[in-house]
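Asker: If you want the building blocks of each chain, they are given just below.
Number of protein chains: 2
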Amino acid sequence: MRGASAGPEIERLIQLLARLPGLGPRSARRAALHLVKKRESLLDPLAEALCVARDRIVTCTTCGNIDTCDPCTLCSDPRRDAATLVVVEDISDLWALERSGAIAGRYHVLGGVLSALDGVRPEDLSIDALVARASAPEVSEVILAVNATIEGQTTAHVIAQRLSGADVKVTRLAHGVPVGGELDYLDEGTLAAALRARSAV
Amino acid sequence: MRGASAGPEIERLIQLLARLPGLGPRSARRAALHLVKKRESLLDPLAEALCVARDRIVTCTTCGNIDTCDPCTLCSDPRRDAATLVVVEDISDLWALERSGAIAGRYHVLGGVLSALDGVRPEDLSIDALVARASAPEVSEVILAVNATIEGQTTAHVIAQRLSGADVKVTRLAHGVPVGGELDYLDEGTLAAALRARSAV
Numbered sequence: 035m036r037g038a039s040a041g042p043e044i045e046r047l048i049q050l051l052a053r054l055p056g057l058g059p060r061s062a063r064r065a066a067l068h069l070v071k072k073r074e075s076l077l078d079p080l081a082e083a084l085c086v087a088r089d090r091i092v093t094c095t096t097c098g099n100i101d102t103c104d105p106c107t108l109c110s111d112p113r114r115d116a117a118t119l120v121v122v123e124d125i126s127d128l129w130a131l132e133r134s135g136a137i138a139g140r141y142h143v144l145g146g147v148l149s150a151l152d153g154v155r156p157e158d159l160s161i162d163a164l165v166a167r168a169s170a171p172e173v174s175e176v177i178l179a180v181n182a183t184i185e186g187q188t189t190a191h192v193i194a195q196r197l198s199g200a201d202v203k204v205t206r207l208a209h210g211v212p213v214g215g216e217l218d219y220l221d222e223g224t225l226a227a228a229l230r231a232r233s234a235v
Numbered sequence: 035m036r037g038a039s040a041g042p043e044i045e046r047l048i049q050l051l052a053r054l055p056g057l058g059p060r061s062a063r064r065a066a067l068h069l070v071k072k073r074e075s076l077l078d079p080l081a082e083a084l085c086v087a088r089d090r091i092v093t094c095t096t097c098g099n100i101d102t103c104d105p106c107t108l109c110s111d112p113r114r115d116a117a118t119l120v121v122v123e124d125i126s127d128l129w130a131l132e133r134s135g136a137i138a139g140r141y142h143v144l145g146g147v148l149s150a151l152d153g154v155r156p157e158d159l160s161i162d163a164l165v166a167r168a169s170a171p172e173v174s175e176v177i178l179a180v181n182a183t184i185e186g187q188t189t190a191h192v193i194a195q196r197l198s199g200a201d202v203k204v205t206r207l208a209h210g211v212p213v214g215g216e217l218d219y220l221d222e223g224t225l226a227a228a229l230r231a232r233s234a235v
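Line by line, the protein sequences are chains A and B.
Quick note on this note's numbering: the first sequence kicks off at 35 and runs consecutively.
Quick note on this note's numbering: the second sequence kicks off at 35 and runs consecutively.
Hints may contain errors.
Copies of the same chain are indistinguishable here, so a pair counts whether it falls within one copy or spans any two.
Straight line, CA to CA, 20 angstroms or less: simulated DMTMM-like cross-link-like pairs of lysine to aspartate or glutamate [as the list claims (entries may be wrong)]:
| hint | residue 1 | residue 2 |
| --- | --- | --- |
| 1 | Lys-71 | Asp-124 |
| 2 | Lys-72 | Glu-185 |
| 3 | Lys-203 | Glu-175 |
| 4 | Lys-71 | Asp-221 |
| 5 | Lys-72 | Asp-124 |
| 6 | Lys-203 | Glu-43 |
| 7 | Lys-71 | Glu-82 |
Quick caveat, the hints were computed from the structure, so don't treat them as lab data.
These numbers were taken from a predicted model, which means no experiment stands behind them.
Make a model of the complete structure from these sequences and hints.
Answerer: In structure tokens, the structure reads:
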């Protein structure tokens, strides 16, 4: 990219913004310009929010979530059900489940999925920590809420094997038609799974 | 949006990121997570770059560009041709022309275009300042490099009238087929303009 003619400071800001997922070089330029124009309402608060994130956000050593405290708000909340451990690949999956409001258990973030292609082995994920947590007397169920991809399902399989000795029920999310989804747009695998798991009305 | 379960600090960061052009609520969440994961390589430098931008970026009182000095690097560069004033709507247009490397004149940023719909009147743009700059003895040409939109062309027309008394040549960008463009994908107006302005080979 040729210089943006606004000095190295703006250039550097543009280059850093371009590394955010969802922003390319062109949209990063637009974003930088937008920031400089909205100095009071956006640039100042964003700089402040990033400094707060830099100085105060830590990874929870129990579940792998991020928060300003360790253990995180979810792990230290006594109202959440300690009997249920929900295993997710990534923090974004944890957030998605929390937005659904459908479960109030404790979480365990694996930090990825097994992948021969990317060289991710079981010891690269927090599986040992999960097995240790699952063997605690208060835990009765481990829900494997991993993505319905090949890697996700392989990871779920390996975890289920590791947990076979522990005294916990291991479950996984149901496959089926997404709520609001149209059959016409669904793949055959999903339709077959939804048919197999059909229930009486 | 329901809480992201990572405390108000992350929520605030997500909300601010979502206000950048090109990022929505979902991609802002991804960007926030990406930032927290790439703490040393991205979060720290971006926080620093934003603080630098906040503290040091100013608007050039001569041309309207942004830079860390006023007058800006372009206005104070003695190698640039002071005889040519390139009038643009916005700073992003100035950057686009600079990337082309096709002109080494001075710039004048209008700060928008006339628009009855949005209530933008001539006095809302830096037209008076442009007329004053154009009447300087060293200026011999004013290039109206505004967008080829109705509003842009209306603005160019108004500026040309205001400059009719000054001793400067007023020009505008050529219309025609974009370099690399295919005729099949071009609108009729562009094709008609390219035909009218055809040249001998």
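Asker: With reference to the structure, classify each hint as holding or not holding.
Answerer: Results of checking the hints against the structure:
In the homo-oligomer, the alpha carbons of Lys-71 and Asp-124 lie at most 20 angstroms apart only across protomers (11 angstroms), although the nearest pairing inside one protomer, at 35 angstroms, exceeds that limit. In this assembly of identical chains, Lys-72 and Glu-185 lie within 20 angstroms of each other by CA distance neither inside one copy nor across copies; the values are 43 angstroms within and 23 angstroms between. In this homomeric assembly, Lys-203 and Glu-175 come within 20 angstroms of each other (Cα to Cα) only inside a single copy, at 5 angstroms, whereas the closest approach across copies is 80 angstroms. With identical chains, the CA atoms of Lys-71 and Asp-221 are never at most 20 angstroms apart, being 46 angstroms at best within one copy and 33 angstroms at best between copies.
Proximity of Lys-72 and Asp-124 under a CA criterion of 20 angstroms is satisfied inter-copy only: 14 angstroms between copies versus 33 angstroms inside one chain copy. When the C-alpha separation of Lys-203 and Glu-43 is checked against a cutoff of 20 angstroms, the pair qualifies neither within a copy, at 55 angstroms, nor between copies, at 35 angstroms. Taking the shortest Cα distances, Lys-71 and Glu-82 sit within 20 angstroms of each other both inside one copy (17 angstroms) and across copies (18 angstroms).
In this structure, the earlier hints numbered 2, 4, 6 are contradicted, and the remaining ones agree with it.
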